[in-house]
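One letter stands for each residue in the lines below.
Number of protein chains: 2
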Amino acid sequence: MTKPNDLLPEGLQDRLPAEAARITAAMRACLDVLGAHGYDRVRPPLLEFEAALVGRMAGVTVGETSAMFRFVDPASLRTLALRSDMTPQVGRIASTSLAAAPRPLRLAYCGDTVVIKASQLDPAREHLQLGAELIGADSVAAAGEVVMLAVEALKAAGLTGISVDFTLPDLVDTLAEKAFPLDAGQIEGVRRELDTKDAGGLKAAGGAAYLPLLYATGPFEGALAALRAVDAGGALETRLDALEQIAAHIGDAARITLDPTERHGFEYQSWLGFTLYADGLRRAAGRGGTYRIAGSDEAATGFTLYLDRLADAAPQPEAARVCYLPFGHDRSAAAALRAAGWRTRAQLADGEDARALGCGWTLEQGEPVAL
Amino acid sequence: MTKPNDLLPEGLQDRLPAEAARITAAMRACLDVLGAHGYDRVRPPLLEFEAALVGRMAGVTVGETSAMFRFVDPASLRTLALRSDMTPQVGRIASTSLAAAPRPLRLAYCGDTVVIKASQLDPAREHLQLGAELIGADSVAAAGEVVMLAVEALKAAGLTGISVDFTLPDLVDTLAEKAFPLDAGQIEGVRRELDTKDAGGLKAAGGAAYLPLLYATGPFEGALAALRAVDAGGALETRLDALEQIAAHIGDAARITLDPTERHGFEYQSWLGFTLYADGLRRAAGRGGTYRIAGSDEAATGFTLYLDRLADAAPQPEAARVCYLPFGHDRSAAAALRAAGWRTRAQLADGEDARALGCGWTLEQGEPVAL
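Chains A and H, in that order, give the protein sequences. The numbers in this note's numbering rise by one with no breaks, and the one at position 235 of the first sequence is 235. The numbers in this note's numbering rise by one with no breaks, and the one at position 241 of the second sequence is 241.
Just so you know, the hints here were simulated from the structure itself, not pulled from any lab data. A few of these clues could be false.
Each pair may be met inside one copy or between any two copies, as identical chains are not told apart.
To be verified - Once the Cα atoms are required to be at most 20 Å apart in a straight line, the calculated SDA-like pairs of lysine to any residue come out as:
(1) 117 / 79
(2) 155 / 341
(3) 155 / 237
(4) 155 / 280
(5) 155 / 25
(6) 155 / 339
(7) 155 / 51
(8) 178 / 232
(9) 155 / 331
(10) 117 / 78
(11) 197 / 335
(12) 117 / 70
(13) 203 / 187
(14) 155 / 343
(15) 155 / 335
(16) 178 / 312
(17) 117 / 74
(18) 155 / 334
Just so it is clear, the structure is predicted and the values come from calculations on it, not from any experiment.
Input sequences plus hints: build the corresponding full structure.
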């Protein structure tokens, strides 16, 4: 039955009932966790002026800001963009409409985002993004709250085997300034070779002193000890102490790993970045970190989950019992069943097959009778 | 603090916490009603190939199909459109992926839609659309179910004073064929004058016989009686009997009115259209009717609600109690409060003002103490 023009563009897809039910259940569970921890939801629009969105993404690489669909608005004759990320929108709201709200300001969001081009790692161009932003704080306490909140949200969505991978986005800058000096021209090369974990390249780039960082990775305690050994001069001491405090706050709620040189996707984070994983997911369930809001330069800490990805590993919500309602059924009995958590499907024509319509019961004399 | 590039494009807006909470509460309440009546949610993407979306909107006026933002997809080099309505997407899913699912097929949806140009009646260009489609049926029973479902959803969202205004989209065609003949060239003129309710224009357009229709409008019983008087030849009998049965099914759940010549917005409906109103709303809360799915020509009945509009009149959800969690608080006591429906906000820095952060209580020795 599928005709050519029924096909969807690459990276876009329909979510049919079973998958949509998983997404909806995961979304409600996560939003409820965010709400319970005092985060208030805001709803920014799908489209904004391109200049405003890009301006709010300062620090984000060109690759990210050029990831948006753009088009001219006949109403303003200005270029609009379809959001590829809601975080800059929440930053905008915090800096404008909610500029006068007391800090720390806790905001939550959930909505569709679209990128113009899929990445090698992820063929999807549409994502249902859900997240929380803690605005006015990027302290250890703030980071601990946000990481724990992300873990709790993933658990509420039914995910298991959750792990948090920490990174230190400004690690090279900090070490270059305080411990292992690099020329301005060398910094980018050293960052790149650390990113690709290429020991030979790292030496060639003048970063021999940074070699031990390549091995300070893996399960948290060992990697942290390795980092402390590298950090004889104490340049990283406050950061490493901070990681230790955050890890203590998480306790055994999640497995913790450390990959201090991982930069990908943390272009706008400041001292801390983290990636969230869970059993059954090939890609990250989400990510977060500390940053400064472009424009206002206010400190903030937040995370984003990709609900559509996450729903691949989330459990199927338990199906409610479905009762068929034949012609002339007792309408108040049907309403009572629905109020008690049943689903009903009413007869519309003669000769319907109630079982084929997904009904395991039928209403007879006001009572559900198994089919 | 608002800088020029923080302003949003015309017809697009942020929903701040109080409004976002009303929208979310209304959305959940409506979706729960749809789910309880056996409607399964599907999630189509924000973007589709323009040709596919327009092809699915056959019967819709040019004004509607040209209402979409369009842009070229670098991946396919084809034109994409940002959806302005989710109904054609649900029709597409029913005709393709779910073509083999038993009928009647009950589907629900909820998502953002955008039009390129605001209308005179509604300055918003973005709408959060929620609806239900009953696919494979456009009978009286189907219409009764769908109208009642819309009314129940509005009530669940907390709206009051709900009214349903019926119209008969193919009224002029039916009467022209069976009762008051018109030349092919006259039909459009008669429709237009009935639409503007211009008695003089109607006579001039050759539609003198249609004059009584202008007065068959208002509260259901009187308007129906007036229509029956016009319909001496019985051309409308089955339709009027159908309206009467639907009205009987609704009973006193909503006020019912009839405006048989209203066409605006019902360009793709077949024998029945309806508009939903509620106290406190300047514009319609939603609309629906019977139609045929473009492409497959399958009969269907459905409705759409505009959640963002509707939330203007929906009650503010009751605020949960918020408890401040000072440094070193009892974490399991805090978790127990959240599990019992409280919200918590944790201390992040010395000198915070718990009351300014919206907390009415603080946790002391594991117990909430009023501030």
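Hint check results:
no.: 1; hint: 117 / 79; verdict: both (19 Å within a copy, 15 Å between copies)
no.: 2; hint: 155 / 341; verdict: between (24 Å within a copy, 18 Å between copies)
no.: 3; hint: 155 / 237; verdict: neither (32 Å within a copy, 59 Å between copies)
no.: 4; hint: 155 / 280; verdict: within (13 Å within a copy, 40 Å between copies)
no.: 5; hint: 155 / 25; verdict: within (12 Å within a copy, 23 Å between copies)
no.: 6; hint: 155 / 339; verdict: between (28 Å within a copy, 14 Å between copies)
no.: 7; hint: 155 / 51; verdict: neither (38 Å within a copy, 42 Å between copies)
no.: 8; hint: 178 / 232; verdict: within (11 Å within a copy, 96 Å between copies)
no.: 9; hint: 155 / 331; verdict: between (39 Å within a copy, 17 Å between copies)
no.: 10; hint: 117 / 78; verdict: between (23 Å within a copy, 14 Å between copies)
no.: 11; hint: 197 / 335; verdict: neither (62 Å within a copy, 41 Å between copies)
no.: 12; hint: 117 / 70; verdict: both (12 Å within a copy, 17 Å between copies)
no.: 13; hint: 203 / 187; verdict: within (13 Å within a copy, 83 Å between copies)
no.: 14; hint: 155 / 343; verdict: between (27 Å within a copy, 18 Å between copies)
no.: 15; hint: 155 / 335; verdict: between (33 Å within a copy, 14 Å between copies)
no.: 16; hint: 178 / 312; verdict: neither (44 Å within a copy, 56 Å between copies)
no.: 17; hint: 117 / 74; verdict: between (25 Å within a copy, 8 Å between copies)
no.: 18; hint: 155 / 334; verdict: between (35 Å within a copy, 17 Å between copies)
Hint compliance for this structure: hints 3, 7, 11 and 16 are not met, and every other hint is.
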